[in-house]
Amino acid sequence: MAYTGVALPGDTVGNIHPQVGDVKIISTSSSSMTIEALVNITNPTPYTAVVPYVNIHIVRDGFVLGSATAENMKVVRGMNTNLVVTAEWNPAAGGEASRKVASDMISEYLSGRNITIDVKTHRGTIPTAPIIGEGLSKLNISIAAPKLDLPGEGGNKGHFIRDATFHLLSSTATFTLVSPLRYNTIYVDWINATALYNHTEPVGRIVYDLPFAAPPGTSVTPKLPVDWSMGSVGYDAVKRALGGALKLDASANVTVRIGNWKDTVWYEGQGIGASIRL
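Everything in the sequence shown is counted per UniProt numbering, starting at 1 for the first residue and increasing by one.
Calculated directly from the structure, the hints in this document are not laboratory data. Treat the hints with care, since some could be wrong.
Said to hold, decoys possible - For each label pair, taking beta carbons as the anchor points, the in silico distance ranges come out as:
1. F212 x G62: 34 to 40 Å
2. S103 x P46: 39 to 45 Å
3. G95 x D209: 25 to 31 Å
4. P44 x D209: 49 to 55 Å
5. A237 x A92: 41 to 47 Å
6. E71 x A92: 47 to 53 Å
7. T264 x K239: 28 to 34 Å
8. A144 x D209: 21 to 27 Å
9. R182 x M230: 38 to 44 Å
10. T174 x T255: 36 to 42 Å
Quick caveat, the model's predicted, so the values are computed rather than measured. Here a beta-carbon is modelled for each residue, glycine too, at the ideal position from N, C-alpha and C.
Let's have the full structure, built from the sequences with the hints guiding it.
In C-alpha coordinates form, the structure reads like this:
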(Lines of atoms letter the chains of each structure in order from A and count residues from 1; the text may use other names and numbers.)
(Lines give C-alpha, C1' and ligand atoms only; values in the text may rest on other atoms or scores of the structure.)
Protein backbone atom coordinates (compact mmCIF):
# COMPACT_ATOMS: atom_id res chain seq x y z
CA MET A 1 0.00 0.00 0.00
CA ALA A 2 1.60 3.24 -1.11
CA TYR A 3 1.08 6.43 0.88
CA THR A 4 -0.35 9.06 -1.48
CA GLY A 5 -0.09 12.03 0.84
CA VAL A 6 -3.88 12.51 0.78
CA ALA A 7 -5.08 14.26 3.93
CA LEU A 8 -7.63 12.31 5.98
CA PRO A 9 -10.56 13.85 7.85
CA GLY A 10 -9.69 14.91 11.36
CA ASP A 11 -11.86 12.35 13.14
CA THR A 12 -11.04 9.41 10.88
CA VAL A 13 -9.63 7.26 13.68
CA GLY A 14 -12.64 7.84 15.94
CA ASN A 15 -15.04 6.78 13.20
CA ILE A 16 -13.46 3.43 12.37
CA HIS A 17 -15.64 1.67 15.01
CA PRO A 18 -13.79 -1.69 15.08
CA GLN A 19 -15.77 -4.71 16.29
CA VAL A 20 -14.47 -8.22 16.92
CA GLY A 21 -16.80 -11.06 15.97
CA ASP A 22 -16.19 -14.80 15.54
CA VAL A 23 -13.07 -16.01 17.39
CA LYS A 24 -11.20 -19.29 16.91
CA ILE A 25 -8.01 -20.40 18.69
CA ILE A 26 -5.86 -22.16 16.10
CA SER A 27 -2.68 -22.98 18.06
CA THR A 28 -1.29 -22.70 21.59
CA SER A 29 1.89 -22.92 23.64
CA SER A 30 2.27 -22.91 27.42
CA SER A 31 2.08 -19.10 27.50
CA SER A 32 0.70 -17.96 24.14
CA MET A 33 -2.16 -18.45 21.69
CA THR A 34 -2.67 -17.81 18.00
CA ILE A 35 -6.21 -16.58 17.41
CA GLU A 36 -8.16 -16.07 14.20
CA ALA A 37 -10.96 -13.52 14.36
CA LEU A 38 -13.45 -11.90 12.03
CA VAL A 39 -13.41 -8.12 12.40
CA ASN A 40 -15.81 -5.43 11.21
CA ILE A 41 -14.62 -1.87 10.62
CA THR A 42 -16.06 1.29 9.12
CA ASN A 43 -13.99 3.17 6.55
CA PRO A 44 -15.15 6.79 6.96
CA THR A 45 -12.99 8.07 4.10
CA PRO A 46 -13.91 8.29 0.40
CA TYR A 47 -10.98 6.01 -0.45
CA THR A 48 -10.58 2.26 -1.00
CA ALA A 49 -7.36 0.32 -0.52
CA VAL A 50 -5.84 -3.12 -0.76
CA VAL A 51 -3.55 -3.70 2.21
CA PRO A 52 -0.95 -6.41 1.48
CA TYR A 53 0.20 -6.57 5.11
CA VAL A 54 -0.49 -4.68 8.32
CA ASN A 55 0.49 -5.48 11.92
CA ILE A 56 -0.58 -3.67 15.09
CA HIS A 57 0.18 -4.11 18.77
CA ILE A 58 -2.54 -5.07 21.25
CA VAL A 59 -2.05 -2.90 24.33
CA ARG A 60 -3.66 -2.56 27.76
CA ASP A 61 -2.50 -0.26 30.55
CA GLY A 62 0.64 0.47 28.54
CA PHE A 63 1.67 -3.20 28.21
CA VAL A 64 1.93 -4.94 24.84
CA LEU A 65 -0.06 -8.17 25.22
CA GLY A 66 0.29 -9.36 21.64
CA SER A 67 -0.14 -8.32 18.04
CA ALA A 68 -2.71 -8.62 15.26
CA THR A 69 -1.95 -9.13 11.57
CA ALA A 70 -4.05 -8.84 8.42
CA GLU A 71 -2.85 -9.75 4.94
CA ASN A 72 -4.23 -8.96 1.48
CA MET A 73 -7.12 -7.07 3.05
CA LYS A 74 -9.38 -5.03 0.79
CA VAL A 75 -10.95 -2.05 2.53
CA VAL A 76 -13.87 -0.38 0.75
CA ARG A 77 -15.80 2.77 1.60
CA GLY A 78 -18.26 2.41 4.46
CA MET A 79 -18.82 -0.84 6.32
CA ASN A 80 -16.32 -3.68 5.92
CA THR A 81 -17.39 -7.00 7.46
CA ASN A 82 -15.74 -10.32 8.25
CA LEU A 83 -12.17 -9.18 7.65
CA VAL A 84 -9.85 -12.02 8.69
CA VAL A 85 -7.31 -11.02 11.33
CA THR A 86 -4.76 -13.28 13.03
CA ALA A 87 -3.67 -12.34 16.55
CA GLU A 88 -0.69 -13.56 18.56
CA TRP A 89 -1.54 -13.45 22.28
CA ASN A 90 1.72 -13.55 24.23
CA PRO A 91 1.65 -11.26 27.29
CA ALA A 92 4.31 -13.33 29.04
CA ALA A 93 6.87 -11.91 26.59
CA GLY A 94 6.52 -8.60 28.43
CA GLY A 95 7.30 -10.07 31.85
CA GLU A 96 5.25 -10.78 34.96
CA ALA A 97 3.55 -7.37 35.08
CA SER A 98 2.31 -7.79 31.51
CA ARG A 99 1.08 -11.31 32.24
CA LYS A 100 -0.83 -10.04 35.30
CA VAL A 101 -2.53 -7.30 33.25
CA ALA A 102 -3.60 -9.92 30.70
CA SER A 103 -4.94 -12.30 33.37
CA ASP A 104 -6.97 -9.51 34.96
CA MET A 105 -8.38 -8.55 31.57
CA ILE A 106 -9.51 -12.12 30.89
CA SER A 107 -10.98 -12.28 34.40
CA GLU A 108 -12.97 -9.10 33.90
CA TYR A 109 -14.23 -10.33 30.54
CA LEU A 110 -15.40 -13.71 31.86
CA SER A 111 -17.09 -11.89 34.76
CA GLY A 112 -19.19 -9.96 32.23
CA ARG A 113 -17.55 -6.56 32.67
CA ASN A 114 -17.13 -4.07 29.85
CA ILE A 115 -13.49 -3.96 28.82
CA THR A 116 -11.52 -2.13 26.17
CA ILE A 117 -8.11 -2.68 24.63
CA ASP A 118 -5.90 -0.27 22.73
CA VAL A 119 -4.33 -0.98 19.36
CA LYS A 120 -1.15 0.83 18.39
CA THR A 121 0.91 1.00 15.25
CA HIS A 122 4.70 0.69 15.20
CA ARG A 123 7.55 0.86 12.69
CA GLY A 124 6.74 -2.62 11.39
CA THR A 125 3.01 -1.96 10.98
CA ILE A 126 3.47 -1.35 7.24
CA PRO A 127 6.92 -2.75 6.37
CA THR A 128 7.18 -0.74 3.15
CA ALA A 129 6.38 2.53 4.96
CA PRO A 130 7.80 2.42 8.51
CA ILE A 131 7.49 6.18 8.92
CA ILE A 132 3.68 5.91 8.71
CA GLY A 133 3.48 3.27 11.42
CA GLU A 134 5.83 5.22 13.65
CA GLY A 135 3.91 8.45 13.11
CA LEU A 136 0.50 6.92 13.82
CA SER A 137 1.81 5.19 16.97
CA LYS A 138 1.07 8.39 18.89
CA LEU A 139 -2.66 7.83 18.32
CA ASN A 140 -4.74 5.75 20.73
CA ILE A 141 -7.41 3.55 19.16
CA SER A 142 -9.61 1.76 21.71
CA ILE A 143 -11.70 -1.29 20.90
CA ALA A 144 -14.55 -2.46 23.11
CA ALA A 145 -14.45 -6.22 23.53
CA PRO A 146 -17.68 -7.83 22.31
CA LYS A 147 -20.10 -8.64 25.10
CA LEU A 148 -20.39 -12.30 25.95
CA ASP A 149 -23.10 -13.47 23.55
CA LEU A 150 -23.85 -16.84 25.10
CA PRO A 151 -26.67 -19.25 24.24
CA GLY A 152 -29.81 -18.97 26.33
CA GLU A 153 -32.45 -16.51 27.34
CA GLY A 154 -33.28 -14.08 30.12
CA GLY A 155 -31.21 -11.93 32.42
CA ASN A 156 -28.42 -14.50 32.84
CA LYS A 157 -27.59 -14.64 29.12
CA GLY A 158 -24.21 -12.97 29.63
CA HIS A 159 -23.18 -15.20 32.54
CA PHE A 160 -20.49 -17.85 32.11
CA ILE A 161 -22.21 -19.70 35.00
CA ARG A 162 -25.84 -20.07 33.97
CA ASP A 163 -27.28 -21.76 37.06
CA ALA A 164 -26.44 -24.13 39.91
CA THR A 165 -27.95 -26.97 41.94
CA PHE A 166 -26.88 -27.50 45.56
CA HIS A 167 -27.50 -30.82 47.36
CA LEU A 168 -27.61 -30.50 51.14
CA LEU A 169 -27.23 -34.15 52.20
CA SER A 170 -24.30 -34.99 49.94
CA SER A 171 -22.76 -31.51 50.32
CA THR A 172 -22.23 -31.20 46.58
CA ALA A 173 -23.09 -28.76 43.82
CA THR A 174 -23.27 -28.82 40.04
CA PHE A 175 -23.08 -25.79 37.76
CA THR A 176 -24.34 -25.21 34.24
CA LEU A 177 -21.58 -23.53 32.24
CA VAL A 178 -21.93 -21.71 28.93
CA SER A 179 -18.65 -21.37 27.06
CA PRO A 180 -17.73 -18.07 25.36
CA LEU A 181 -15.82 -20.05 22.70
CA ARG A 182 -17.63 -21.59 19.73
CA TYR A 183 -14.83 -23.81 18.45
CA ASN A 184 -12.50 -24.64 21.35
CA THR A 185 -12.91 -26.58 24.58
CA ILE A 186 -11.93 -24.92 27.84
CA TYR A 187 -10.60 -27.21 30.58
CA VAL A 188 -10.99 -26.26 34.22
CA ASP A 189 -8.02 -27.70 36.13
CA TRP A 190 -8.56 -26.17 39.58
CA ILE A 191 -11.22 -24.20 41.45
CA ASN A 192 -11.22 -22.32 44.74
CA ALA A 193 -14.65 -20.71 44.98
CA THR A 194 -16.98 -19.21 47.56
CA ALA A 195 -20.75 -18.96 47.14
CA LEU A 196 -22.30 -15.86 48.69
CA TYR A 197 -25.83 -14.91 49.71
CA ASN A 198 -26.91 -11.25 49.57
CA HIS A 199 -23.48 -10.41 48.06
CA THR A 200 -21.49 -10.77 51.30
CA GLU A 201 -22.79 -13.71 53.38
CA PRO A 202 -20.77 -16.93 52.81
CA VAL A 203 -22.80 -20.02 51.94
CA GLY A 204 -19.99 -22.50 51.38
CA ARG A 205 -16.64 -23.07 49.75
CA ILE A 206 -15.65 -25.32 46.88
CA VAL A 207 -12.06 -26.49 46.33
CA TYR A 208 -11.62 -28.98 43.48
CA ASP A 209 -8.52 -30.04 41.54
CA LEU A 210 -9.70 -32.74 39.12
CA PRO A 211 -9.79 -31.35 35.56
CA PHE A 212 -13.07 -31.25 33.65
CA ALA A 213 -14.11 -29.91 30.26
CA ALA A 214 -16.32 -26.96 29.33
CA PRO A 215 -16.93 -27.57 25.61
CA PRO A 216 -18.58 -25.09 23.23
CA GLY A 217 -22.21 -24.51 24.13
CA THR A 218 -23.76 -25.57 27.43
CA SER A 219 -22.34 -28.20 29.80
CA VAL A 220 -22.77 -29.34 33.39
CA THR A 221 -19.85 -29.72 35.80
CA PRO A 222 -19.19 -32.86 37.81
CA LYS A 223 -20.55 -32.87 41.36
CA LEU A 224 -18.24 -30.54 43.26
CA PRO A 225 -17.76 -30.88 47.05
CA VAL A 226 -19.17 -28.04 49.16
CA ASP A 227 -17.76 -27.13 52.57
CA TRP A 228 -20.82 -25.42 54.07
CA SER A 229 -20.48 -22.30 56.22
CA MET A 230 -22.44 -23.87 59.07
CA GLY A 231 -24.37 -21.47 61.28
CA SER A 232 -23.93 -18.57 58.89
CA VAL A 233 -26.66 -16.28 57.57
CA GLY A 234 -25.92 -17.56 54.08
CA TYR A 235 -26.24 -21.24 54.96
CA ASP A 236 -29.49 -20.59 56.86
CA ALA A 237 -30.88 -18.90 53.73
CA VAL A 238 -29.97 -21.96 51.68
CA LYS A 239 -31.73 -24.30 54.13
CA ARG A 240 -34.86 -22.14 54.03
CA ALA A 241 -34.87 -22.39 50.24
CA LEU A 242 -34.93 -26.23 50.28
CA GLY A 243 -37.11 -27.45 47.44
CA GLY A 244 -36.97 -24.06 45.74
CA ALA A 245 -34.32 -21.65 44.57
CA LEU A 246 -32.54 -18.44 45.48
CA LYS A 247 -30.03 -16.06 43.93
CA LEU A 248 -26.39 -16.47 44.88
CA ASP A 249 -23.14 -14.75 43.95
CA ALA A 250 -19.84 -16.47 43.28
CA SER A 251 -16.24 -15.42 43.82
CA ALA A 252 -13.59 -17.78 42.51
CA ASN A 253 -10.02 -18.33 41.44
CA VAL A 254 -9.88 -20.80 38.56
CA THR A 255 -7.06 -22.38 36.57
CA VAL A 256 -8.20 -22.74 32.96
CA ARG A 257 -6.49 -24.49 30.06
CA ILE A 258 -6.98 -24.32 26.30
CA GLY A 259 -4.68 -26.68 24.41
CA ASN A 260 -1.21 -26.12 25.87
CA TRP A 261 -2.05 -22.65 27.21
CA LYS A 262 -2.88 -22.32 30.91
CA ASP A 263 -3.58 -19.43 33.27
CA THR A 264 -5.20 -18.78 36.64
CA VAL A 265 -7.93 -16.16 36.52
CA TRP A 266 -10.56 -14.85 38.91
CA TYR A 267 -14.30 -14.87 38.34
CA GLU A 268 -17.08 -12.87 39.98
CA GLY A 269 -20.67 -13.72 39.14
CA GLN A 270 -23.85 -12.21 40.57
CA GLY A 271 -27.47 -13.27 40.63
CA ILE A 272 -26.83 -16.92 39.78
CA GLY A 273 -30.02 -18.95 40.09
CA ALA A 274 -29.37 -21.80 42.54
CA SER A 275 -31.81 -24.67 43.09
CA ILE A 276 -31.65 -26.24 46.56
CA ARG A 277 -32.25 -29.99 46.86
CA LEU A 278 -31.80 -32.63 49.55
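Hint check results:
no.: 1; hint: F212 x G62: 34 to 40 Å; result: 36 Å, holds
no.: 2; hint: S103 x P46: 39 to 45 Å; result: 43 Å, holds
no.: 3; hint: G95 x D209: 25 to 31 Å; result: 28 Å, holds
no.: 4; hint: P44 x D209: 49 to 55 Å; result: 51 Å, holds
no.: 5; hint: A237 x A92: 41 to 47 Å; result: 42 Å, holds
no.: 6; hint: E71 x A92: 47 to 53 Å; result: 25 Å, violated
no.: 7; hint: T264 x K239: 28 to 34 Å; result: 33 Å, holds
no.: 8; hint: A144 x D209: 21 to 27 Å; result: 35 Å, violated
no.: 9; hint: R182 x M230: 38 to 44 Å; result: 42 Å, holds
no.: 10; hint: T174 x T255: 36 to 42 Å; result: 19 Å, violated
Violated hints, in rising order: 6, 8, 10; the structure is consistent with all others.
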